[in-house]
Amino acid sequence: MKKLINAPEAVLADALSGVAAAHSGLNVDTENKVITRTAGTRAGKVALLSGGGSGHEPLHGGFVGLGMLDAACPGEVFTSPVPGQMLTAAQAVDGGAGVVFIVKNYTGDVLNFQMAAELAAEEGLSVETVLVDDDVAVRDSTYTAGRRGTGATVFVEKIAGALAEQGADLAAVAEMAKRVNASSRSFAVALTACTTPASGKPGFDLSEHEMEVGVGIHGEPGRRREKLRPAKEIVATALDAILDDQPLAAGDDAIVMVNGLGATPLIELYVVFNEVAQVLAAKNVTIARSLVGNYVTSLDMAGVSITVCKADADMLALWDAPVNTPALRWGA
Amino acid sequence: MKKLINAPEAVLADALSGVAAAHSGLNVDTENKVITRTAGTRAGKVALLSGGGSGHEPLHGGFVGLGMLDAACPGEVFTSPVPGQMLTAAQAVDGGAGVVFIVKNYTGDVLNFQMAAELAAEEGLSVETVLVDDDVAVRDSTYTAGRRGTGATVFVEKIAGALAEQGADLAAVAEMAKRVNASSRSFAVALTACTTPASGKPGFDLSEHEMEVGVGIHGEPGRRREKLRPAKEIVATALDAILDDQPLAAGDDAIVMVNGLGATPLIELYVVFNEVAQVLAAKNVTIARSLVGNYVTSLDMAGVSITVCKADADMLALWDAPVNTPALRWGA
Amino acid sequence: MDIDLARAWVQAIATAVDQHKDQLTQLDSAIGDADHGVNMHRGFSAVTTALEGVEPDTVGALLVKAGTTLISSVGGASGPLYGGAFRAIGKMLDAPKATPGEFAHALAAGLDSIKKLGAASPGDKTMIDAYAPALASFQQQADAGADLAAAALAAADAAEDGMRATTPLQARKGRASYLGARSVGHQDPGAASTALIFRALAETAVAR
Amino acid sequence: MDIDLARAWVQAIATAVDQHKDQLTQLDSAIGDADHGVNMHRGFSAVTTALEGVEPDTVGALLVKAGTTLISSVGGASGPLYGGAFRAIGKMLDAPKATPGEFAHALAAGLDSIKKLGAASPGDKTMIDAYAPALASFQQQADAGADLAAAALAAADAAEDGMRATTPLQARKGRASYLGARSVGHQDPGAASTALIFRALAETAVAR
Ligand SMILES: Nc1ncnc2c1ncn2[C@@H]1O[C@H](COP(=O)(O)OP(=O)(O)O)[C@@H](O)[C@H]1O
Ligand SMILES: Nc1ncnc2c1ncn2[C@@H]1O[C@H](COP(=O)(O)OP(=O)(O)O)[C@@H](O)[C@H]1O
Ligand SMILES: [Mg+2]
Ligand SMILES: [Mg+2]
Ligand SMILES: [Mg+2]
Ligand SMILES: [Mg+2]
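Residue numbers (my numbering), protein chains in the order written: chain A, 1 to 332; chain B, 333 to 664; chain C, 665 to 872; chain D, 873 to 1080.
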């Protein structure tokens, strides 16, 4: 294992200290592992709180700030945070208008956030939980754990965060978060496995000519292993899966994210984005807004995820609203 | 070689089409390989032009926009652009007040930009060339090619770009660019080699327990090979080299960049930043501004570069001025 | 079961988890996210610390504290599931001692908690596939009048059988479910840790 | 040297570069940035295209065009250096034909151009370490009255000797200089391509 760290067990604490040192706009409670805005929550503003295992940076801490999250709770690497973190965070950021928990759909995250929501309710806080489950590589079914939450989290946090900043109430913010999630689909492909600091070994072995298709963001293998193919074909596979589940019609607007999984050079992400743009242009779908870069990563995994959100005018306007976080900033 | 590409020879063209599709604020001349601002250069504003081999994204195309570059000329991967690109770009962005060429100090870049400057002069353009040579891993000497230009390029482009936006004249902008370069030092360490699309193989082999110390951004081996060490010790080595060459005194302000070389997870960059912050705090040096992320990359190399600029009040004010580019944005 | 034994059991789990940390993580690496050993280790280290110097009046108080500590230190899926289970077990044991029959009831409450929280059924390739057969064997022995050691031994054997039987299953819950048919052929990490928990119970009871 | 021979020479270089592309890139991978083969290939492919259908009146016009094309297509350090050299050679050959002595003078102008642009000296582990001995041998043969083929053969041998002699040197110019002492033990890629250029000259002249 080759990592720029001091010790596997120190990664999270050291990184949080680094976040604290780098971003004066963030307040990092290193003891409780809670990241909030230095400015705090405006009285009467609905607070947005998210969290999950670490190793996906900039998610979620990098999205704390004006127009997006009020608090992030980082767990250990690939491990859900514990209920106490969310309770501490919720109490810290509640502005009297309630707190929306944005939870990626993984059993661990769901259970820990659920317990936190119960504890918060006992403390008199109003909490609404929104599940993100956009990964079409996993088919939804009542008999399974359901689809994973991946790239759409960024869209949910940005758009619902903007609505909260505008003063919408708890129900409205939660409702918009759900709408964005319902409109978004993702699909990912990995060229290499990632290595968690604790395990020290890659999660799986891939030959020089193979890729894992339909991977999540926790280093698990994908739905199937295939021969590595040109970017154009990989994009076709991903967009087929996405558009099969959420058709887009000519004239539709989309917000598109081409996201690196941690070890993918930006030049390759632009190659991928070019292919996505061509496919959508051929369908007369407009890429109204886009992100190309590393937003929801998986440690040192090489690969890409593509997220497409079928966006309405409200979503686009909220997308354009000011945001000022370490990883996403405009208009502020 | 595992890359998200269509073919090695198509990488640059495909990526440029991707940049064009992703950023409406950029105008991409895919034929001549020139990236400019869609808005063009304000009449009377000094234009900033940079360029170099591709594979360092977001450098330079990702820094084209308000408050930073007017044009970027991407060469083939790790290969200087040709003079014709710079001539085309200079003619496109000259606003009547002249053009500053920001050139990283590599023989190829220097020669190609020099020829371009001659051609531009023949066309009646005023051109000032500023060399960036911040990498202290390479000792300066009149008998060698001199120090490499690496991370400080971002500082030079940001700060000189802000000054140009404020209406300063050609000499003043070039002078500020030189001052920023003279105040900046960098040092880099690699955990893995990178693989260029054309060669298809890693530039060197490193065992699981080794790192290359004092690498550049073109996949070349470093000054020496060492046993992989904890982040704290790596940072000590890098900062020793940097501060040895450019001492910082208690009370000094610094702009610090902890930059991933392409395949480094952000969580590790924060671990490194934390160590940098501790060392500088112990010297009572203030990290007045900072960047943590992938800004000057080396394809899929895992590793980190640290850049420290001893900043005066002018530089800090210009740093804070509005910037609106794909990779750096605030206040606009 | 009494307070000292309960404490010894929890400590034996901590020791077993410490010894099998890498193995649990490797199992989780194959079909999950490579953290189960680390999670369990972090949790039971915290439990050991939390119980130091604590002198509860009931078996239940000790186990509830263990469960609460797991919830507040593990994270992941296993934290709430195991934490909730220990809390449920503890809540049934509001006395300084418990007969094997009472303990069987408590263990049943633990399984119910896991099922309720995680919504998994036997055969979904989870910790339930070790826990359910272990509970059944324990119950059977207790019903037949066996002592704690004998019942726990039977439970540990059954847990290990159940754990091994997860290998051919296709996962329907937890992260392994994302792999679909590719989860077949790998043993479930949570079932493995459940087997450790029942083996620790057996060894502690036998040593008494 | 005449116009047809010059054209054949440039085409022979293109063929040689095509055949040795990977080898040049591998040499550059060891102590540079792994692009010299690709650079040279891009450049001489462009030259081949640029010269198609062009019927210059002088040897020089053809070589100047080759040089200009290299400058506008190669990039890197080798583009301006080789491009400038071919332009300098060409500028000395303002006629349809040149004697070996005149061609030697032109080759000398090419080396001067490289030295002037790159500020490298013999022994710095660059293309100069193949070019300079090649030029010296060519000059010597021409002075002794040898024909182009004989002079070019001697030059090609000397270039290859010079190329091999770069291996033990420590680089002081170009990217390889960044490696300091670690550049020792590797052959310079630019010296290798220079050897190809002189070997192509010899083979073309001999074939005539
Ligand atoms: N819904 C569920 N019901 C019961 N057990 C589950 C469920 N989901 C996961 N598990 C158990 O949890 C184990 C994984 O725990 P752990 O690796 O610590 O958490 P995570 O999956 O969040 O990384 C699985 O091996 C499985 O036995
Ligand atoms: N200053 C110089 N003078 C002469 N030749 C040089 C100089 N710098 C580099 N070279 C030659 O250029 C070769 C490298 O060319 P190439 O790989 O195409 O360009 P780059 O180094 O820009 O990637 C070196 O092997 C060396 O022979
Ligand atoms: Mg986990
Ligand atoms: Mg090069
Ligand atoms: Mg796990
Ligand atoms: Mg090279």
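Simulated from the structure, these hints should not be mistaken for laboratory data. In this text the structure is predicted, and so the values were computed from the model without any measurement. Where a beta carbon is used, it is the ideal one built from N, C-alpha and C, also for glycine. There's no promise every hint is true.
[As the list claims (entries may be wrong)] With a Cα cut of at most 20 Å, we get these calculated DMTMM-like pairs of lysine to aspartate or glutamate:
id: 1; chain 1: B; residue 1: Lys-615; chain 2: B; residue 2: Asp-652
id: 2; chain 1: C; residue 1: Lys-729; chain 2: C; residue 2: Asp-686
id: 3; chain 1: B; residue 1: Lys-615; chain 2: B; residue 2: Asp-585
id: 4; chain 1: B; residue 1: Lys-533; chain 2: A; residue 2: Glu-210
id: 5; chain 1: B; residue 1: Lys-334; chain 2: D; residue 2: Asp-894
id: 6; chain 1: C; residue 1: Lys-779; chain 2: A; residue 2: Glu-118
id: 7; chain 1: B; residue 1: Lys-334; chain 2: A; residue 2: Asp-205
id: 8; chain 1: A; residue 1: Lys-283; chain 2: A; residue 2: Asp-205
id: 9; chain 1: B; residue 1: Lys-533; chain 2: A; residue 2: Glu-233
id: 10; chain 1: A; residue 1: Lys-2; chain 2: B; residue 2: Glu-542
id: 11; chain 1: A; residue 1: Lys-283; chain 2: A; residue 2: Asp-244
id: 12; chain 1: C; residue 1: Lys-755; chain 2: A; residue 2: Glu-118
id: 13; chain 1: B; residue 1: Lys-510; chain 2: B; residue 2: Asp-644
id: 14; chain 1: B; residue 1: Lys-510; chain 2: B; residue 2: Glu-341
id: 15; chain 1: B; residue 1: Lys-334; chain 2: A; residue 2: Glu-118
id: 16; chain 1: A; residue 1: Lys-2; chain 2: B; residue 2: Glu-450
id: 17; chain 1: A; residue 1: Lys-201; chain 2: B; residue 2: Asp-584
id: 18; chain 1: D; residue 1: Lys-963; chain 2: D; residue 2: Asp-984
id: 19; chain 1: D; residue 1: Lys-963; chain 2: D; residue 2: Glu-974
id: 20; chain 1: B; residue 1: Lys-615; chain 2: B; residue 2: Asp-644
id: 21; chain 1: A; residue 1: Lys-2; chain 2: B; residue 2: Asp-537
id: 22; chain 1: C; residue 1: Lys-755; chain 2: C; residue 2: Asp-668
id: 23; chain 1: A; residue 1: Lys-2; chain 2: B; residue 2: Glu-341
id: 24; chain 1: B; residue 1: Lys-564; chain 2: B; residue 2: Asp-537
id: 25; chain 1: A; residue 1: Lys-232; chain 2: B; residue 2: Glu-341
id: 26; chain 1: D; residue 1: Lys-893; chain 2: B; residue 2: Glu-341
id: 27; chain 1: A; residue 1: Lys-2; chain 2: A; residue 2: Asp-205
id: 28; chain 1: D; residue 1: Lys-937; chain 2: B; residue 2: Glu-450
id: 29; chain 1: C; residue 1: Lys-685; chain 2: A; residue 2: Glu-9
id: 30; chain 1: A; residue 1: Lys-201; chain 2: C; residue 2: Asp-668
id: 31; chain 1: D; residue 1: Lys-963; chain 2: B; residue 2: Glu-450
id: 32; chain 1: B; residue 1: Lys-334; chain 2: A; residue 2: Glu-210
[Unchecked claim] With the Cβ distance kept under 8 Å, some of the chain A side facing chain C (calculated, not the full set):
id: 33; residue: Lys-2
id: 34; residue: Gly-75
id: 35; residue: Leu-206
id: 36; residue: Ala-317
id: 37; residue: Ala-321
Check the structure against each numbered hint from earlier and tell me which ones fail, lowest number first. 1, 2, 8, 9, 14, 15, 16, 17, 23, 24, 30, 33, 35, 36 and 37
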